[in-house]
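Chemist: Each chain, written out:
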Amino acid sequence: GESVGLHLPTLSVQEGDNSIINCAYSNSASDYFIWYKQESGKGPQFIIDIRSNMDKRQGQRVTVLLNKTVKHLSLQIAATQPGDSAVYFCAEKNQAGTALIFGKGTTLSVSS
Amino acid sequence: NAGVTQTPKFQVLKTGQSMTLQCAQDMNHNSMYWYRQDPGMGLRLIYYSASEGTTDKGEVPNGYNVSRLNKREFSLRLESAAPSQTSVYFCASSRDATYEQYFGPGTRLTVT
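So the protein lines, in turn, are chains A and B.
The end of the first sequence is residue 112 by the working numbering, with every number in the run present.
The end of the second sequence is residue 112 by the working numbering, with every number in the run present.
Straight-line Cα separation of at most 30 Å, BS3-like style, residue types lysine-lysine; simulated pairs:
| no. | chain 1 | residue 1 | chain 2 | residue 2 |
| --- | --- | --- | --- | --- |
| 1 | B | Lys-14 | A | Lys-42 |
| 2 | A | Lys-42 | B | Lys-9 |
| 3 | B | Lys-9 | A | Lys-104 |
| 4 | A | Lys-37 | B | Lys-9 |
| 5 | B | Lys-57 | A | Lys-37 |
| 6 | A | Lys-68 | B | Lys-57 |
| 7 | A | Lys-104 | B | Lys-14 |
| 8 | A | Lys-68 | A | Lys-56 |
| 9 | B | Lys-57 | A | Lys-71 |
| 10 | B | Lys-71 | A | Lys-42 |
| 11 | B | Lys-57 | A | Lys-42 |
| 12 | A | Lys-68 | A | Lys-104 |
| 13 | A | Lys-104 | B | Lys-57 |
| 14 | A | Lys-68 | A | Lys-37 |
| 15 | B | Lys-9 | B | Lys-71 |
| 16 | A | Lys-71 | A | Lys-104 |
| 17 | B | Lys-71 | A | Lys-37 |
| 18 | A | Lys-56 | A | Lys-37 |
| 19 | A | Lys-56 | A | Lys-104 |
Hints are computed from structural coordinates only; laboratory data are not their basis.
Taking the hints into account, I'd like the entire structure generated from these sequences.
Modeler: Shown next, in the form of structure tokens:
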């Protein structure tokens, strides 16, 4: 069946370090992936997306890597800041291509 | 440009009561979605509307109904609320299913 999971439920880093949040997906036919950030009491906020014809995509301080061979997705945050503290979700398009399937989330805690 | 708005922000219901959660978007998006988020879980899709005039069931549709009133508005109705429906409900919209979704601030619902 379809499922998206994250390797670690929590990640703690020091301010200024680089953070890497991982995600495994099960549907080898998935062609679209998204990372969201959710701060406490708010709705998920779009960070970056990647399509299956790419291996890497960069945004402002964030990079998403896609390894289709092992069905693995990662989000790298450079120079992590306290404001990056949040829950991060990966999501993939479902088999029907009509909606997103979300993983359970990784809580990133940044200490200064 | 308000993005996605949801009302109410908070609601407490007694078991068996009914209510409608409202959602509107001003981005001229074709697709709209309703999710629920429970502690320790990712977002689970309840219903979605790929375009005006169409609605389809998601992963957890039981106990809910939806109406795509027009292109802007997509409402979620609980006909007879149950304690298992205590959750945070998020509405989202996207240009279509191949693009990123934008989320509202959520409605926190408690059923006693």
